[in-house]
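All chains should be built: construct the whole structure from the sequences, respecting the hints.
Residue-level listing of the chains:
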Amino acid sequence: AQKVTQAQTEISVVEKEDVTLDCVYETRDTTYYLFWYKQPPSGELVFLIRRNSFDEQNEISGRYSWNFQKSTSSFNFTITASQVVDSAVYFCALSEGYDYKLSFGAGTTVTVRA
Amino acid sequence: DAGVIQSPRHEVTEMGQEVTLRCKPISGHDYLFWYRQTMMRGLELLIYFNNNVPIDDSGMPEDRFSAKMPNASFSTLKIQPSEPRDSAVYFCASSSIGTGLSGANVLTFGAGSRLTVL
Numbered sequence: 001a002q003k004v005t006q007a008q009t010e011i012s013v014v015e016k017e018d019v020t021l022d023c024v025y026e027t028r029d030t031t032y033y034l035f036w037y038k039q040p041p042s043g044e045l046v047f048l049i050r051r052n053s054f055d056e057q058n059e060i061s062g063r064y065s066w067n068f069q070k071s072t073s074s075f076n077f078t079i080t081a082s083q084v085v086d087s088a089v090y091f092c093a094l095s096e097g098y099d100y101k102l103s104f105g106a107g108t109t110v111t112v113r114a
Numbered sequence: 001d002a003g004v005i006q007s008p009r010h011e012v013t014e015m016g017q018e019v020t021l022r023c024k025p026i027s028g029h030d031y032l033f034w035y036r037q038t039m040m041r042g043l044e045l046l047i048y049f050n051n052n053v054p055i056d057d058s059g060m061p062e063d064r065f066s067a068k069m070p071n072a073s074f075s076t077l078k079i080q081p082s083e084p085r086d087s088a089v090y091f092c093a094s095s096s097i098g099t100g101l102s103g104a105n106v107l108t109f110g111a112g113s114r115l116t117v118l
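As they're listed, the protein sequences go chains E and U.
So that you can map any letter, position 20 of the first sequence is 20 in my numbering, and since no number is skipped, the others follow by simple counting.
So that you can map any letter, position 49 of the second sequence is 49 in my numbering, and since no number is skipped, the others follow by simple counting.
No lab work stands behind these hints, which were simulated from the structure alone.
Computed from a predicted structure; not experimentally measured.
Beta carbons are placed, not taken as given, at the ideal position from N, Cα and C, and that holds for glycine.
Check the hints yourself; a few may be wrong.
To be verified - Coverage of chain U stretches by chain E, computed from C-beta distances (three or more under 8 angstroms per stretch; other residues unrestricted): (1) 40-48; (2) 89-96; (3) 106-113.
Following this line, the structure appears as structure tokens:
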């Protein structure tokens, strides 16, 4: 069963628009961690954020912000005032309990047009 | 730190040939992961090691795949014999126990090895 669902396959926006990426997860563990990774066209995977299940506080880092809601099992990611350099595939991931492996969603391709 | 180093970056081989992918994790990291990325299946965990010992190899597709970690600074993923369906990007990642709440790691990925099997 898919543990992480990213319903949006592709999103295309014009520069300076905001874009929100959805992530829904499924787990029976009470302790778990959620992640977002970025994969730019060059291909490497870049860590963006990790949140644990006990901390629902939203987080902002520059133009990036994350909204974690346990009630809806969602961990959404918003890019504010998007830029062309934000064009990439973004992956949401989950690790459960004390298992260190990550289960990745299918990814959302974001294209920011100038 | 140089990060996670993978080689080769690109490999083109013919069906039936042996393929060996190599990975040097970040010094001091005690976990090492091998992932495979394809369009059809996305990012899949193949195997991961802790302190050079395989912990979970349930993602290894079949007996043609094997992975070893002879020491803390080197791991290999071998495919023998290779098949066209093995064509993918293979990522190696490493991590260490996080501070604060235990149980999760932040994986640092290598640049990947793109394998094409003709």
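Checked hints:
1. 40-48: holds (count 4)
2. 89-96: Since three or more residues must qualify, the claim that chain E covers the region 89-96 of chain U holds, with 4 doing so at under 8 angstroms.
3. 106-113: holds (count 7)
In this structure, every one of the numbered hints holds.
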